[in-house]
Amino acid sequence: MTATKAPIEPPSQQRTVRRPGDRLFSGAAKGSGIFILLVLAGVAAFLISEALPALTAPSEEIPGGEGLASYVGPLILGTLLGAVIALLVATPLAVGIALYVTYYAPRRIAAGMGYVIDLLAAIPSVVYGFWGIAVLAPQLVPFHQWLTDTLGFLPFFAGPASTSGRTMLTVGIVLGVMILPIISAISREVFSQAPALHREAALALGATRWEMIRMAVLPYGKSGVIAGAMLGLGRALGETMAVAIILSGGAGATLNVISNSNPSTIASNIALSFPEATGLDVNTLIASGLALFLITLVVNMLARWIVNRRADFSGAN
Amino acid sequence: MAKRIEVSDLNIYYGNFLAVEGVNVSIEPRSITALIGPSGCGKSTFLRSLNRMHEVIPGARVEGKVVMDGQDLYGADTDPVDVRRQIGMVFQRPNPFPTMSIYDNVIAGNRLNNKKMKKSETDDLVERALRGANLWNEVKDRLARPGSGLSGGQQQRLCIARAIAVEPDVLLMDEPCSALDPISTLAIEDLMAELKERFTIVIVTHNMQQAARVSTSTGFFNLNGVGQPGRLIEFNPTEKIFSNPDQKATEDYISGRFG
Amino acid sequence: MSIDTQSAPQPTRHAAGPVRTRRRLPRFAPLGVYLAGIAAGAALSALTGFSVVTTVVYGVVLGTLAVYVVSRSVEGQRKATDRLVTSLVTTAFAIAMVPLVSLVYTVLDNGLPRFDAAFFTNSMYRVVGEGGGAYHAILGTVIITALATVISVPIGLLTAIYLVEYGTGRLKRAITFFVDVMTGIPSIVAGLFSFALFTLVFGNSVRLGVMGAVALSVLMIPVVVRSCEEVLKLVPNELREASYALGVPKWRTVVKVVLPTAVAGLGTGITLAVARVVGETAPLLVTVGLITGTNLNPFDGRMATLPVFAYFQLTQPGTATQAFLDRAWTAALVLIILVMVLNVVARLISRFFAPKTGR
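Chains as they are written, first to last, in numbering that gives the first Met the number 0: chain A, 0 to 316; chain F, 0 to 258; chain Y, 0 to 358.
Just so you know, the hints here were simulated from the structure itself, not pulled from any lab data.
These numbers come from a predicted model, not from an experiment.
Do not rely on the hints blindly, as some may be mistaken.
[Said to hold, decoys possible] Chain A stretches covered by chain Y per the calculated footprint, using a threshold of three residues with CB under 8 Å from any CB of chain Y: (1) 75-85; (2) 151-157; (3) 186-200; (4) 208-222.
[Said to hold, decoys possible] Now the in silico label distances, taken between C-beta atoms and shown as ranges: (5) A/Trp304 - Y/Ser50: 42 to 50 Å; (6) A/Ser191 - Y/Arg125: 41 to 49 Å; (7) Y/Phe114 - A/Leu204: 52 to 60 Å; (8) F/Val55 - Y/Phe114: 50 to 58 Å; (9) F/Pro57 - A/Glu65: 53 to 61 Å; (10) A/Asn307 - F/Pro57: 15 to 23 Å; (11) A/Ser191 - F/Arg127: 50 to 58 Å.
Here a beta-carbon is modelled for each residue, glycine too, at the ideal position from N, C-alpha and C.
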């Protein structure tokens with residue numbers, strides 16, 4: 000490259016004749032791309048403009064009468080609590096599933112099994128809510144009792160245990176099932192991309208299958224799993240209907256995840272209150288939606304950043 | 000309809016990388032000009048610059064002049080699309096359109112440009128082009144079948160038929176036989192000998208025997224080392240290149256003593 | 000190790016040939032041990048008042064442990080760990096199957112009683128108890144989803160074309176990144192956006208079908224872009240070059256060569272994007288609302304949609320509770336069938352419309 004004596008300021012595009020059809024079409028394509036950026040900016044802008052009255056209103060006019068922060072605070076706590084439980088439930092399962100589908104399941108049915116897991120993603124969230132409240136919540140009642148009996152010294156399981164099962168714990172488990180396919184799909188992809196050379200080298204050294212996975216697959220797929228978990232987290236944070244149906248919320252800030260009184264989540268609170276809300280209540284709800292938007296935006300950008308960094312890295316190899 | 004191409008002081012770039020430097024050559028009408036040289040010396044790049052296919056690659060550009068019968072191909076008011084209609088191209092790997100039948104592949108150049116034609120006209124054109132590409136007898140009973148169902152050699156002749164169906168003045172061929180077996184190669188070489196009566200043909204080849212067999216003039220491209228631009232070392236009648244070349248480098252390459 | 004044994008070419012106790020053999024469990028032994036563990040789990044469960052759930056939980060734990068212990072004593076530490084992990088990942092997969100099977104069973108079980116003609120032909124207009132149906136909601140879902148598709152597909156497809164065929168530099172990177180970020184927007188936020196947008200234009204408490212379509216589009220566009228982009232990238236560059244070399248302008252090349260070649264993948268991607276939004280509830284809840292009668296005009300007032308219908312049937316039952324619950328479950332069943340049909344259609348499209356490349 001050193002010997003090339005190219006001019007420093009090359010005209011990047013030669014002045015070429017462009018046909019009107021070409022100009023129109025590429026303009027439309029480019030315009031659509033820019034339009035998407037505008038939509039995203041618009042989402043932020045319109046939410047801010049509609050949230051503004053609540054942000055500037057005197058605190059006693061906000062529902063609850065103690066200002067926006069104390070209204071949104073417990074909701075944020077509830078949102079995070081549910082999403083974290085979901086993540087704790089889903090991540091280990093998803094990694095296990097991904098390993099099973101990529102390296103343990105019989106070759107012939109592995110693809111089908113992956114598809115079955117993907118089906119979990121196809122089920123609408125309102126149906127998960129139905130299932131959660133009708134099946135899972137009653138089934139988990141004894142588990143709640145057991146938790147408070149044996150682990151009651153932890154603030155999470157302080158009790159008294161709910162007798163309906165409509166708790167943050169149940170919500171977290173349902174959310175975990177919902178994000179399972181997201182995390183497992185991405186994990187599956189990175190696991191299957193682990194270099195065959197490394198895998199075969201490990202096996203050739205006499206490693207067992209698990210040792211091969213530990214040496215050659217997990218180090219390679221780690222960042223992919225993290226990114227998948229972040230994407231799952233983003234989804235769990237914003238999940239609305241399942242939470243709205245299952246959770247008996249409305250309580251203030253509490254870490255207790257197994258009692259009848261739980262903090263609601265931002266999304267479910269909007270869904271439950273919005274249809275009847277008027278005036279400043281609407282603005283307050285939109286303000287809480289703005290908070291949710293910002294939280295998920297940060298989580299998703301972080302996840303994408305990890306994914307892209309990984310893509311750059313593996314592309315160089 | 001065959002036309003002469005005059006190339007003067009042509010530099011070809013990929014971004015800031017000078018790939019081919021200072022080419023001056025005159026390509027005669029109704030002849031086959033072969034371009035030979037080691038891999039990476041820029042002969043394909045040069046070929047693609049003749050019909051402005053080079054600039055399809057992002058960041059690629061050229062400096063200098065390419066004039067075809069008085070028309071400056073890189074002139075400010077020259078539409079690259081028009082250039083490509085006059086200068087057709089056949090690629091290394093046969094690339095018929097997978098969504099089209101054999102028939103549609105042949106008239107793709109007209110149909111993709113929405114040229115209105117009567118059914119009888121297109122039928123004529125298809126037969127003429129396929130006959131021109133020595134493919135008519137093999138495919139006349141299955142014109143409605145997908146083009147990708149043909150053998151590699153047939154596909155390549157289909158691509159030639161597709162290129163000549165738009166009736167260009169010049170035909171560029173970028174290693175048209177390198178993906179084919181010897182029999183198909185022979186068929187294509189025979190075809191080239193016929194086509195040269197009507198077109199100016201420029202062919203890039205790695206196969207020196209092929210260049211010796213089919214071409215009237217031969218250009219030898221070479222480069223001094225990795226990262227250096229390729230240059231046209233010698234351009235002479237094929238007989239002279241292969242018997243008594245002017246340049247030592249050419250002789251070394253021809254006799255397999257280069258590098 | 001004495002010098003004698005090294006020089007003697009006899010096989011030692013450990014090696015029966017050039018390849019050293021380890022002691023291994025017979026092929027079906029681990030399974031037998033695992034089943035024994037399950038049986039022990041059943042016994043343990045019986046002690047504390049028998050139930051299926053505790054049997055499975057105890058059984059899986061005991062079975063896994065039993066395999067580990069037996070394998071460790073016979074085959075050694077490394078092999079035992081390998082078997083332990085095998086049990087764990089298989090269990091993980093089995094655990095994931097439980098909610099899926101349970102959910103499908105529950106929905107079928109509760110949804111089938113009202114899966115009748117009346118459900119598909121009646122609306123809820125003046126229905127307060129039994130009877131009634133989701134005719135209005137099904138039509139509403141179809142109309143709003145179709146409208147969202149009409150909005151999303153051109154924008155999404157054109158953006159994908161820009162990213163693959165035209166895009167360069169910073170704008171391309173920005174669009175790619177923000178489209179990815181946009182896939183993570185919570186659906187309720189998309190609903191609020193649409194609400195805020197229309198409120199600013201039309202004034203307070205407006206509810207329109209088209210608002211729901213706009214909200215769904217925000218969710219659908221990034222999915223369409225990503226799937227179309229992946230598909231367009233798969234179109235071989237040689238085809239584009241072949242077209243350019245025939246003197247075809249770039250835009251015609253894209254429209255007449257690239258898109259037809261990719262049509263199967265595009266159809267699949269778009270169908271999956273539709274499947275992704277057809278069950279969305281939250282954005283419709285805040286933008287479209289619900290009515291009991293049939294409104295087929297998305298530009299005039301509230302509409303009924305299937306997910307919102309199901310939600311309110313479940314959460315706000317009237318006096319005849321069971322009738323409302325039945326309708327809710329049937330609506331859920333129809334929703335699942337709708338999504339599954341779209342998924343199957345997507346697969347069929349990719350199977351039957353794929354061009355025969357022959358390569």
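Is the distance from the Cβ of A/Ser191 to the Cβ of Y/Arg125 consistent with 41 to 49 Å?
-> Violated - the Cβ-Cβ distance for A/Ser191 and Y/Arg125, about 56 Å, lies outside 41 to 49 Å.
Falls inside 50 to 58 Å, the C-beta gap from F/Val55 to Y/Phe114?
-> holds, 57 Å
Do at least three Cβ atoms from the stretch 75-85 of chain A come closer than 8 Å to Cβ atoms of chain Y?
-> violated (count 0)
Consistency of beta-carbon spacing, A/Leu204 to Y/Phe114, with hint 52 to 60 Å | holds, 58 Å
Count the residues of the stretch 208-222 of chain A whose CB lies closer than 8 Å to any CB of chain Y, then report whether that count reaches three.
-> With 4 residues close enough to chain Y, the hint holds.
Should the hint that F/Pro57 and A/Glu65 are 53 to 61 Å apart at their CB atoms be regarded as holding?
-> Holds, since F/Pro57 and A/Glu65 (Cβ atoms, about 58 Å apart) stay within the stated range.
Are A/Ser191 and F/Arg127 spaced within 50 to 58 Å by their CB atoms?
-> holds, 51 Å
Hint says 42 to 50 Å; check whether the CB-CB distance for A/Trp304 and Y/Ser50 agrees.
-> About 47 Å separates the Cβ atoms of A/Trp304 and Y/Ser50, which means 42 to 50 Å holds.
For the stretch 186-200 of chain A, does the count of residues with a C-beta closer than 8 Å to a C-beta of chain Y reach 3?
-> Violated, because only 0 residues of the stretch 186-200 of chain A bring their Cβ atoms closer than 8 Å to Cβ atoms of chain Y.
Counting residues of the stretch 151-157 of chain A with a beta carbon closer than 8 Å to any beta carbon of chain Y, are there 3 or more?
-> Coverage by chain Y is violated here, the residue count being 0 at a Cβ distance below 8 Å.
Is it true that the C-beta distance of A/Asn307 to F/Pro57 lies inside 15 to 23 Å, as the hint says?
-> Between A/Asn307 and F/Pro57, where Cβ atoms are some 20 Å apart, the hint holds.
Checked against the numbered hints given earlier, the structure breaks hints 1, 2, 3, 6 and satisfies all the rest.
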